[in-house]
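Peer 1: Quick note, the sequences are listed as chains H and X, same order.
For the first sequence, position 125 (counting from the first letter as 1) is numbered 125 according to the UniProt record's numbering, and the numbering increases by one without interruption.
For the second sequence, position 239 (counting from the first letter as 1) is numbered 239 according to the UniProt record's numbering, and the numbering increases by one without interruption.
It should be emphasised that the hints constitute simulated quantities derived from the structure, not laboratory data.
Mixed in with the good hints, there may be bad ones.
Said to hold, decoys possible - Pulled a few chain X residues facing chain H out of the computed Cβ check, cut under 10 Å: (1) Glu93; (2) Arg95; (3) Gln107; (4) Trp120; (5) Phe122; (6) Val128; (7) Ala155; (8) Asp156; (9) Lys158; (10) Gln172; (11) Met178; (12) Arg181; (13) Tyr185; (14) Asp192; (15) Lys256; (16) Arg335.
To be verified - Keeping only pairs whose Cα atoms sit at most 27 Å apart, straight-line, the calculated DSSO-like set for lysine-lysine is: (17) H/Lys88 to X/Lys186; (18) X/Lys100 to H/Lys152; (19) H/Lys148 to X/Lys160; (20) H/Lys88 to X/Lys224; (21) H/Lys152 to X/Lys330; (22) H/Lys247 to X/Lys160; (23) X/Lys100 to H/Lys148; (24) H/Lys88 to X/Lys160; (25) H/Lys152 to X/Lys224.
Predicted model only: the values in this text are computed from it and were never measured.
Idealized CB from N, CA, C, for every residue including glycine.
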Amino acid sequence: MTNSKPPIWRDSLFWQIATQVIAVVLAISIVVILGMNLNRNLRQLGINFGFDFLQQQASFDIGETPINYSPTDNYIRALLIGLLNSLKIAVTGIILTTIVGITAGIARLSDNWLVRNISSVYVEIFRNTPLLLQLLFWYFSVFLNFPKVDNKVSVLGVFGFSQNGIEVFGVNFSPEFATLLLGLTFYTGAFIAEIVRGGIKSVAKGQWEAGRSLGLKPGLVMRFVIFPQALRVIIPPLTSQYLNLTKNSSLAIAIGYPDVYFVASTTFNQTGKAVEVMLLIMFTYLILSLFISLMMNLLNRSVQIKER
Amino acid sequence: MNIHKSALALILAPFIFTLSACGGESGTTDNTTKPITRNIGSIVKTRGQLMCGVSGELPGFSFVGTDGNYSGIDVDVCRAVAAALFDDPNAVEFRNLNSKERFTALQTGEVDLLSRNTSWTFSRDTSVGLDFAPVVFYDGQAMMVNKSSGVKSLADLKDKAICAQSGTTTEQNLADQMRKRSITYKPVVFEDINITFATYAEGRCNGITADRSALVSRRTTLPKPEDNIILDELLSSEPLAPAVAKGDPQWRDTVKWVVYALIKAEELGINSQNLAEFANSNDPEIKRFLGTEGNLGAGLGLSSDFAARVVKHVGNYGEIYDRNLGTQTKLNLPRNQNQLATKGGLLYAPPFR
C-alpha cells in the first residue's frame, strides 16, 4: 500500500492558505485600482492631492469652542475644536444613554403596570422612528419653542430655559448641543433598554428563585444575582450601541452643532479638498470607534465567567 | 511541501505583477501633471441635453414653481446656453445642488455648468478647479433682522446669535467683518438653507446673513415677511457668476459668450419681441451679432446665429431681469449696479467681432 499524497486540489491545507492569499490579493488589488483611478482622475481635473491646506487660515467662526479659537487660526485648530465638540457629545451621551437605557430596560420588566407600559411606549416610539426626525423634532418643537432670551424661565434658581439653551448653575448649554445630546441619548437609550431586557431575560429563572430563597428582596436579587450575570450578554451589543451613538453624532450637521463632521464639511466646502477631508473624517471616526471598542472589550473581559 | 511553495508562488504572481504594474503606472503619470483637456461641449452635443446645476431653493434665481417648472435668472442662463447649442431652451436637465455638493458635481462632470448664485472668488477660481463665466448678478452680503429686535446696525448684534449657511462665502465674510469691527457674536450655522431660515424664523437668531438678493428672496417665504428688515450695511461684494470645470477653454468661452450675448442684446436694443425687425438691419455690428454676416459662432463650434437663438428663446438680459427679479415680481429688486454700463451700471459686453 502506497501512502501517496492527495492531489493538490484535494488538499485542505492548500485551500486554507490559498483562499486567504486570494482574499488578500483581491483586497489589495481593489485598493490599488481605486487609488490609481483616483490619482488619474484628480490629475485629469488638475487637482493636487495633499494635506498642506490644513495649515491655511480657516477664516470662519465656530459657535461653540471648548478651547480658544478665532477665525485667524488654521484648519487644524478648527478641526480640533470640532473633535473636542464631538468628544463632549460622545462622552456625555454614552453616560446618559447608559442610565436611560438600563432604567428603561429594567422598567420594562417591572411588576408595576404603569412603569412597565410607560417604558414600552418610550422604547417602541424612539426605536422605530428615524433619528434625524427626532433631532429635528427636539430642535424645532422643543428647544426653539422655549421663551425668548428676555423672558427666561427659571426653575428653582438652578435651571434656566430660553431660546439660548438650558442653563444649569450658570453653565449654558446651547439648544444645538442640548438637542443632539438628548436626541442621541433617548434614541440610543431605547436600543439599550431592549438589550438590557434581553440580557436579564437570558438569566435562568432558577437564579431568581435561588436568590429569593436566600431571603433577598427582589431589588437585591437584581443587583447581586441577576444583573452581574446579565452583563455577560449585555456588554457586547452595548458596545455596538456606543459606537452607533458616537457615529450618529455626525447628524449634528442637520441641527447646526459644530462637531468634527460639521467643521470638516465646512473645510471641504471652502477648500474643495473632497478626498483629503473624507479621509480625515474616516480616520477620525475609525480611531474613535476602535478606542471605544477596546475599552468595552476590556470591560467585557472583566465580567466574563472566570473558570477556575 | 514543494508543491505548496510552488502553488504559493503561482498565487502570489498576479499580486506581485499588480504591484509592479502600478509602480510603472505611477511613474508614467508623474510626467503628465497637466490636466487633460476635456471637451464638454461635444459631450453635451452628443447627449443632446445640457446638465445644469442650480440651487432650486431661491425664488428669482432658481426655483421650482407649483407647475413643476424651473424659473429664475440662474435657470435662464442654463436655458440660454441650451438655446445657443440646440436652438431649444428646454434641452436642459436641472440638478438641485446644495452649497456643499456644487463644486464636486462640476469637477466630476455630474453637471456641465453651474449656475447657482455662486460668488466668484480668488480661491475658487485658482485652486478649487473652476473657471468662471462673466458675472450675471452683482450682489452684496447683508444682514436681516426682526423689526421688533431693535437692531439697527451690525454693532447692535454684539454677543447675539447670527444664523448663516455653512460653506458659503457669507460665513467667512461675517467672520471678517465682525473681526474688523471687533464685534463678538455667536454663529449658528446650518448646512441646509431651509433649516437656516426656519431657525431664524423661530427666533433662535437675532440676525441672519446671506447675499442681499437671497435675503430678499427668502423673506418672501417667511411667515411674516413685513416683520423682517434688511440692514443697509453691506458686508461684502458678491459677484454671482456661472462656473464650468477647469481645463476646457472652449466650453468656458461658450458659456462666457452666451452670457455676453444676453448683455449685448440689451445694449443693442434687441429683445425677443423685436428680434425679427433686426434681421434686415444695416448695422454691421448687429449683423455680426445675429449671424447674418460673418461667422462668429464658428470659434465656439456653434452656428453663426447662436446669439439670435439665445435672444429668440430667452430674451436679453433686461428681459430676464425684469421677468425674475424686476419691479413686477414679488422680489422687486431695483437694478442698481446690475444695469448696463451705458446706463450707469456694471454690465458690459466686449465687442462681438
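Peer 1: Determine for every hint whether it applies to the structure shown.
Peer 2: Checked hints:
no. : hint                 : in the structure
1   : Glu93                : violated (22 Å)
2   : Arg95                : violated (17 Å)
3   : Gln107               : holds (5 Å)
4   : Trp120               : violated (15 Å)
5   : Phe122               : violated (12 Å)
6   : Val128               : holds (4 Å)
7   : Ala155               : violated (17 Å)
8   : Asp156               : violated (14 Å)
9   : Lys158               : violated (14 Å)
10  : Gln172               : holds (5 Å)
11  : Met178               : holds (8 Å)
12  : Arg181               : violated (13 Å)
13  : Tyr185               : holds (8 Å)
14  : Asp192               : holds (7 Å)
15  : Lys256               : violated (19 Å)
16  : Arg335               : violated (31 Å)
17  : H/Lys88 to X/Lys186  : holds (19 Å)
18  : X/Lys100 to H/Lys152 : violated (36 Å)
19  : H/Lys148 to X/Lys160 : holds (13 Å)
20  : H/Lys88 to X/Lys224  : violated (38 Å)
21  : H/Lys152 to X/Lys330 : violated (37 Å)
22  : H/Lys247 to X/Lys160 : violated (31 Å)
23  : X/Lys100 to H/Lys148 : violated (32 Å)
24  : H/Lys88 to X/Lys160  : holds (24 Å)
25  : H/Lys152 to X/Lys224 : holds (24 Å)
Violation of the numbered hints given earlier is confined to hints 1, 2, 4, 5, 7, 8, 9, 12, 15, 16, 18, 20, 21, 22 and 23; the remaining hints are satisfied by the structure.
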